[in-house]
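**Q** Just so you know, the protein sequences line up as chains Z and C, in that order.
Heads up, this note's numbering is the position in the first sequence plus 1, with the first residue counted as 1.
Heads up, this note's numbering is the position in the second sequence plus 69, with the first residue counted as 1.
Hints listed in this document are in silico derivations from the structure and should not be mistaken for laboratory results.
Hints are supplied without guarantee of correctness; some may be wrong.
[Stated by the list, open to error] No farther apart than 25 Å at their CA atoms in a straight line, the calculated lysine to any residue pairs in the SDA-like style are these:
1) K345(C) - R266(C)
2) K72(C) - P224(Z)
3) K74(C) - P120(Z)
4) K72(C) - V184(C)
5) K189(C) - E20(Z)
6) K72(C) - K42(Z)
7) K14(Z) - K189(C)
8) K283(C) - A357(C)
9) K189(C) - V225(Z)
10) K13(Z) - V190(C)
11) K270(Z) - E20(Z)
12) K189(C) - P217(Z)
13) K74(C) - S223(Z)
14) K42(Z) - M183(C)
[What the hints assert, rightly or not] Reference excerpt, derived from the structure (chain Z facing chain C, CB under 10 Å, subset only):
15) A96
16) C227
17) D229
18) P234
For every residue, glycine included, the Cβ atom is placed at its ideal position computed from N, Cα and C.
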Amino acid sequence: MESTSVIGTANKKGQIFTEPRKLFFEAPRVPVFLTGSEVIKEAIRRASVDVMVAYPITPQSEAAALCGELFAEGYVGDYMRGESEFAVMSQCAGAAFGGARVFTTTAGPGTLRAFENFPMWAGARLPIQVIVTCRGINSPLSIQPDTLEISFLLDTGMMVWHAETAQDFFDWILMGYIVSEQPDVHLPLAVCCDGFFVTHTKDTINLTPADMTLPPYDPYRSPVPCMDMECPPVRMMRDPFVMKSNYISYATHASWQQEVRAACERSRKHTIPLLGGLIETENVDAEILIVASGTAVSQGREAIRLLNAEGLKVGLVKVKSLRPFPTEEIRQATKNAKWIIVPEFNVVGWLAREVRAIIDRNDRVIVGPHVAGGMTMPPEVIVEKIHQVIKAGKGELVHG
Amino acid sequence: MGKDKIRINEEFYDIMPPEYRELVESGTYGKEGRGWKDMGSSKELIEEHSLCAGCPESMAFRYILASLPAPEDTVMVGSTGCTSLVFPHVAVHNIHSLFGNQNAIATGLKRALMVRFPNKVKDVVVLAGDGATVDIGLDMTLQSWFRGEKFTTICFDNELYANTGGQESGLMQKGFVAKMAPVGKKFDKVRLPEIARESGCQYVVNMTASQPGKVEKVIRNAVYIARELGPTYVQIYTPCILEIGKQSMEGLQEMRDSEKPTERFAYKEYITDEAKAYLADLDAKRKAKATAQLAAK
Ligand SMILES: Cc1ncc(C[n+]2csc(CCOP(=O)(O)OP(=O)(O)O)c2C)c(N)n1
Ligand code: SF4
Ligand SMILES: [Mg+2]
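With the rest of the complex left out, here is chain Z:
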């Protein structure tokens, strides 16, 4: 049952099960020009996935269908189209309860349709990975990029990462399984990206070799029993908790909810070495900082280039993991900032809300700029916001 015992052997497609760190950091990388959807397919080709469940919704349909081709070629154990996202996420749960490594993708209305499943996944400690290619939530009907749905995911108990680029995506899908499946974590992971901007654009991605794959999932390293009747069935409890209004019932529910959140926090020690930290920073000694996640980071970077040309120094914090939230990291990175600009692709400004909640002197946080409903955020909009902050005479700014 030891997953390490298969390292170096080949699967039925002739791919070599490779030690994860070796696969991520030592295996040769080949640059390939692909769409984000194709990158998802290439990651799954190398992820030793047992079961994938698919359902069409723009902008993830293409990726989900491409993964079906992988099944037809024999790279994925089983693959099916579910009947709705609610059913899909339950099918994923069933497969994970049965000890499979499970993959699925969804977006916008699909994410919300599925919702009751997500806290259940976390509570049942199922290390399922779902790719969320964010899009608008009705009404009115929209298929355009918008990251509002991420804010709903934040309190499910799942790990939530927000990819900026297709390269992030490729690496994080593979690394995500390794973090999710650690016995002291064993939680589902939502790898989010901004739909279209990442899924439907082409970029040069450095891929690991196609003949190397992750070692398979070992369900017997789970902190809860795998439902396959290969280990003794136990009478789980004397009185079903749902029946009892008593201290034991309250304590069990309360402590399990805490344990799920604690497991999410424990994921840090596995995530940090793989992702190179929960955040990435540039020039955080600057007095103005942009804190962003997803493609807002790319737009922020462009804005910084324009501002540098004006002689204005602006730093950047790229937030990679939203759950666990990089509280200490952001506190450290923002400690010298006079102004913290949080550009976002949604109407509510959930990232600004998160940052405001954890730093001192949180009136430093400038909520926005925001775009929503599918609009792009030209870097000039961020530049303008920063000009406004300066013009309002808020603080003395160091040029340089």
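Based on these hints, arrange chain C with the ligands on the given structure of chain Z.
**A** This is chain C with the ligands only, laid out in the frame that chain Z set:
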């Protein structure tokens, strides 16, 4: 899983809970020809339950667990409702996740088990209430049948939402006055057995739990057929004595009254020709084996 998997280390024998020791000593995992007659002489796979005293669900549950052909390799899927009060006491792996998603869970589970154990039979059996099967979960019930998923669906039909206090359900009889049906239910009892037949089920039975021998036969058939051919559906009347105003000892009579030939739970069976041939083949093999064993003696 064989019985060897539940053995107790001798050092720890005395500190193991007595019910676990009994399970190891006289549980019927791996017993050929197990059935309801083992009840009383061997350890049942249901420890106890917190259903109302005399609730026919408890009888049906015990008969079903006694009748599963291979509990050592069976995983059950439940749903929210009165049955979810029993599952925590059941000694086969079982999953409760949400209300109504049981056939979706079973779909993923069965597929995972087929991927992980390609050379082994792992049975999946769903057991859920009528609200779960027919109302909130109908979509997933039917879709699993359309797809021909290879597992058994058992519905404990008590004709109402018992666990939430007796509200109207799709399987409730027309005219019945219940919570949320204050002037009586306006539409007919949903004909799920017929729908099951049209939706691709290989074997469908409508019955009550009054006769353990009958339950045993039906459950065994349903599991065997699902294993090889496709979905099977068993709808069992397990009256909610609490909500229909019966006493603890009246459940059995209520089932008997409702299974009379003209009543709604008269025994009805549908089986495809393929499934019939398969059962006949199994039977012939069993007989041949018994004859060979006799001859060897
Ligand atoms: C999403 C959701 N909606 C509603 C409920 C409340 N609920 C719990 S059990 C139940 C009724 C169960 O009825 P049935 O499936 O017939 O089982 P029974 O209790 O009658 O055996 C309901 C409505 C829930 N738990 N989850
Ligand atoms: S409420 Fe009805 S169905 Fe539920 S345990 Fe009591 S008698 Fe049985
Ligand atoms: Mg009911």
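**Q** Any hints this thing doesn't respect? Which numbers, in order?
**A** 3, 5 and 6
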